[in-house]
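Trainee: Sequence:
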Amino acid sequence: LACLNGLLRGDTSQGIKFCSMALNLNPKEHDAYKLRGYAYLTEHRFELAGTDFRAALKLRPRDHEDLAGFAQSLSGQGLFSQAVEYWKVHRPLSSRSEPTTSSLISTFSERALMDACSWAPLSEPALRADPQHRPGRPA
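Using our numbering, the first residue of the sequence shown is number 97, and each one after it goes up by one.
The calculated DMTMM-like cross-link candidates involving lysine to aspartate or glutamate, where the alpha carbons are at most 20 Å apart (straight line), are: (1) Lys113 <-> Glu143; (2) Lys113 <-> Asp127; (3) Lys154 <-> Asp127; (4) Lys154 <-> Glu125; (5) Lys154 <-> Glu181; (6) Lys154 <-> Glu143; (7) Lys113 <-> Glu139; (8) Lys113 <-> Glu125.
Here are the in silico distance ranges between beta carbons for each label pair: (9) Phe176 <-> Lys124: 30 to 36 Å; (10) Glu143 <-> Lys113: 14 to 20 Å; (11) Gln178 <-> Arg158: 14 to 20 Å.
Since the hints were made in silico from the structure, they are not lab data.
From the three backbone atoms N, C-alpha and C, an ideal C-beta is built for every residue, glycine too.
Work out the full structure: start from the sequences and follow the hints.
Mentor: Put into structure tokens, the structure is as follows:
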């Protein structure tokens with residue numbers, strides 16, 4: 097709970113600290129990997145985010161929020177074709193599945209994704225091969 101509270105207050109360093117503490121106590125704590133991954137995304141620490149989303153996906157391989165976060169981390173690292181492949185897996189799952197976490201986590205997740213790559217809205221066309229493209233600007 098301390099992990100989520102720090103993140104919702106916008107204090108990513110505290111959120112990361114508490115998520116790390118939770119993972120030291122229980123390395124199978126799925127939500128701690130997910131939340132810390134989104135915190136890393138907001139700080140543009142894409143490799144660390146990717147590592148956390150990979151760990152979360154090992155625990156819950158079909159979690160659509162983890163897949164979306166992992167895709168965003170790949171996109172942030174410039175690995176656009178790989179990001180698109182994960183995004184394609186995420187889209188069908190997110191449209192037919194029930195939320196796997198609380199609405200607070202989902203709200204933070206969406207905000208983190210939008211903050212992490214402000215040029216990329218949460219939609220399939222967001223994963224463009226051109227990182228210079230920004231909404232509202234001519235391509």
